[in-house]
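**Student:** Chain residues, written in single-letter form:
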Amino acid sequence: MSDTHVDIDEDALSAEVSKLDTIPESPDEYGTRQRARRTPGGSAMSVLRWAWYSLTSMRTALILLFLLALASVPGSILPQRGGSDPLRVSDYYAKHPTLAPILDHLGLFNVFGSAWFAAIYLLLFISLAGCVLPRSRRHLRAMRLRPPAAPRNISRLPVSTSWHTDQSPDDALGRAHELLRRKHFRADRADNVDSRADRADNVDSRADRADNVDFRADRADTVDSRADRGTGPTSSVNAEKGHLRETGNLLFHVSLLVVLVGIALTSVFGFTGSALVKEHDGFTDTTIDYDSFSPGRFVNIDKLPPFSFTLNKFEATYQRGGPANGDANSFAANVSWQPSLGAPPRDYTIEVNHPLSTQGTNVYLANHGYAPHFIVRDGSGHSFDETVPFIPQPGTSQYDGVVKLPDAKPQQLGITGIFLPTASANPVNGMPTSIFPAPDNPAVVIGVFSGDLGLNSGLPQSVYALDTAKMSRIATTTLRPGDTLTLPNGAGTVTFVGYDQWAAFNITHDPGKPVVFGAVCATVLGLVMSLAIRRRRLWVRASRDDSGRTLVEVGGLTRTDASGGFEDEFKRLVTALQSVVPPTAQDG
Amino acid sequence: MPVDVGLARLSNDLIAGGIVAYSVAFLGFALDAAFGEGFDKKASASAEQAVVPAQVPALVGASTAGSLPEGSTSADATGAAAGAGAADGAGARGASTSSDKYKLPRRSGLFAVVCTVIGWLLEGGAILSRGLSVHRLPWGNMYEFTLALTFASVTAFLVLMTRQRARFLGVFLMAPVVLALGLAVLVLYVPAAPLMPALHSYWLAIHVTAAIVASGVFIVGTAATVMFLIADRYALAAAAGKPVRFTGLARMMPDRDVLDRTAYRAYAFAFPIWTFAVIAGAIWAEYAWGHYWQWDPKETWAFITWVVYAGYLHARATAGWRGRKAAYVAMLGFATILFNFFVVNIFISGMHSYAGV
Ligand code: HEM
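Chains as they are written, first to last, in my numbering: chain A, 1 to 588; chain B, 1 to 357.
Honestly, the hints are just simulated from the structure, not real lab data.
One or more hints might be untrue.
Partial pick of chain B residues on the chain A-facing surface, computed with a CB cut under 7 Å [claimed, not checked]:
#1 P272
#2 T275
#3 F276
#4 Y287
#5 G290
#6 W295
#7 P297
#8 W301
#9 I304
#10 V307
#11 V308
#12 A310
#13 G311
#14 H314
#15 A315
#16 T318
Selected chain B positions facing chain A (Cβ under 7 Å, derived; list incomplete) [unchecked claim]:
#17 A268
#18 I279
#19 T300
We put the beta carbon where it would ideally sit given N, CA and C, even for glycine.
With the rest of the complex left out, here is chain A:
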């Protein structure tokens, strides 16, 4: 459409500057939209329209962004149920018995899963969609439009310059046109157009005003009829560059929407759980085999991926000697696994940064420990074979656990134990402690209790703690593998046979993850494009002045809000233009 000519009313320049984008709030456009926004009006329809425009305005987006930031704050300060340590919530209850229930009622112990947090981000994303999707449509249209015509008075543009040349106007423009195209400007030549036609057409790369597009076509003919009003037809090169800025900005915003879609996919179709598995034991992907399991809303727990695996061996290596003595170097869980029942088993090593992946489900190695193996013979001669996972004690290389024998006769037996992978006497008090996490010199310190385990009280009991309220301690000792302790009064014997290791796994099915990951990469790309690229326009006009010489005028325009630096580029462009359209000698 190189026949689009016309001119900017100088007063409208600043408005013009902001039109280099599809930002919705430029002052002079959208008259109706603005009005709709300010006044709800009477009818239900206009109230709705007003609500929609308000919601999708940038100001609302800004406020919602703040609310989102503000709403996240309590989630970082108060203990959270879904957080790293849910027990802290009950601690908080114990410490603040009156305040805690109130906070709980407000959802403050589960901020990120609460309805009001969801309300904020959903509103924000509706606002985003309502703002960005129409912008994208407008932008697609704007991409196809040609650069607008030169303003009548180029010297009033924010940056401009002029010089005389010996070339003819036609020549000068030809060269300028070629140069700008070489520099990847979208550049058009507009020959012999009246520079005083209606500005309305010009206004825009902003195809957003639907009517504006039509306007252009309609007005094409009016141009000639007005030619007599101007100073006579002139020719110019109209150039524009940097649509990618807006493209990047839209890519960024649309990607944010896609991130949300990915997260939603996971929360609806994903699940996460954990399982502790001892060596030689197996795990099958059914809910019974999980220690904890939280499925998404539409997960059919009868149709979990049918894989299974057996933990053959767990191996850990540690730093020996030096200041980092005892630090872990590697953990590896050697498993044989089957993608489905009856499939041939395959070997795999699950490591910390190396999960097992099958059918969109990942199995991560999360923790490990030892499971001492005891054979306990009770007073009646009955024997129990128990291999019980002991749990690592933070900050030490010891593992705690209990063995409960509710069926022991004549009284129930309970054992509390501390597993010491490398046992040694504490130099201060002589107590056995573990000085290294690898099983160099394994031993277990046990206390044996007899009495009532309290399992029938109806209260839920942890498998890792012994309630000794109704029990009495009958023995305490340290055993090495193969040692047997004989209990007093014919209560039986305890043999420490040896130990296995166990590994704990996090098992997650996260169908939205690739979506989130892709979208998140796109956000960075979009951001960089949007913040690094400048949208700018350049006009070159060449005409004969009164003395018959060729006057070249160059002017440029960029968005005011951009980070500046356009002057530099303009200067470089002018230098380049002058190398193809040299100034007349006496000018230099």
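Starting from the known structure of chain A, fit chain B with the ligand onto it as the hints suggest.
**Tutor:** Relative to chain A, chain B with the ligand alone:
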């Protein structure tokens, strides 16, 4: 591998030297600002047009463009431009304003820049030798993080000075840098030691490095924003005809627009890096824990920072918010970074327990 004690000690000596150099630089910048030629408003506004190519006869800045009569000859135009003073942003300044009175301060400005570079080299050496002494990237605890952070912001400042006039930031940047380093050495210091194993991951290295670079640049932006707010207050008071006190302070400020634009540049540069840092952290978490986002306090505050700076970028594009209000939003963004660094690291426990204090 054992810690190289000699290198660790060298690192401590270098950082002490760095602090001294930065402090001297701060004094130099302060002298320069207080008694120097001041920052001529027009000149700094057109600072970007510093070098006018010889063959461009009449390049005029925004300020004078409007005054050019249409069709004026280029000779007229050159005269008009020079007359209006736009050109003095360029070469004129160096040569013509060298009255004796200003010699000392102008030298002190230059001297301050040199000291900054020396301090920067010393600090860089301190970080390098610390890293070599422990055989890892030296940003594993708050002490090391503070060193890296201040190094990043001084680097950003130096780079900015090569691209535009930015010496005016000196006072407001070196003050927090010296303060932070003093805090690091006196309060946060921990002897060189290897890293806990959970922190061995190159995603972590990428994540923390990006966070440091972004925060360092955010600091530079914040210095510009603080100056903008002060300059804006003066301008408002002056416009309202109120008495303006401490005119010295006002005089050392360049034009508000320059400050605003410098701040925006810094934020616009840092924001995508921050975005990337948050994403890299999520990827690392995914590897380490199988969950890319768990709303751990540190993650939550990184997110809050991100949202607030997104708010800033929006505020700047929204009529009625640009200028002062947007500047407040940017200050809030910086406050969230500080909160994350000091309060979350020290008082709120989460999975990111690497504070080492
Ligand atoms: C999820 C919430 C949102 C986030 C995190 C976000 C983030 C951002 C960021 C970082 C920028 C800076 C890029 C640039 O300046 O080019 C930006 C720009 C922009 N955003 Fe958003 N945005 C969100 C929602 C919205 C909404 C709801 C709207 C519509 C009202 C919107 C409209 C815009 C516009 C028009 C720009 C361009 C401003 C400019 O070029 O300076 N954004 N956004």
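**Student:** All the hints need checking, so say for each whether the structure fits it.
**Tutor:** Outcome of the hint check:
1. P272: This hint holds: P272/B lies near chain A, its Cβ roughly 4 Å from the closest one there, short of 7 Å.
2. T275: At about 6 Å, which falls below the 7 Å cut-off, the nearest Cβ of chain A leaves the hint on T275/B intact, so it holds.
3. F276: With Cβ-Cβ at 5 Å, under 7 Å, it holds.
4. Y287: holds, 5 Å
5. G290: Since the shortest Cβ distance to chain A is 4 Å, the answer is holds.
6. W295: holds, 5 Å
7. P297: P297/B check passes; min Cβ-Cβ to chain A is 4 Å, inside 7 Å.
8. W301: Constraint on W301/B satisfied, holds at 6 Å.
9. I304: Nearest chain A Cβ about 5 Å off; hint holds.
10. V307: The hint holds - V307/B has a Cβ within 7 Å of chain A, the shortest such distance being about 4 Å.
11. V308: OK, holds: V308/B within 7 Å of chain A, min 5 Å.
12. A310: A310/B check passes; min Cβ-Cβ to chain A is 6 Å, inside 7 Å.
13. G311: holds, 5 Å
14. H314: OK, holds: H314/B within 7 Å of chain A, min 5 Å.
15. A315: holds, 6 Å
16. T318: holds, 5 Å
17. A268: The hint holds - A268/B has a Cβ within 7 Å of chain A, the shortest such distance being about 4 Å.
18. I279: I279/B check passes; min Cβ-Cβ to chain A is 5 Å, inside 7 Å.
19. T300: With a minimum Cβ separation of about 4 Å from chain A (threshold 7 Å), the hint on T300/B holds.
When each numbered hint is compared with the structure, no violation occurs for any of them.
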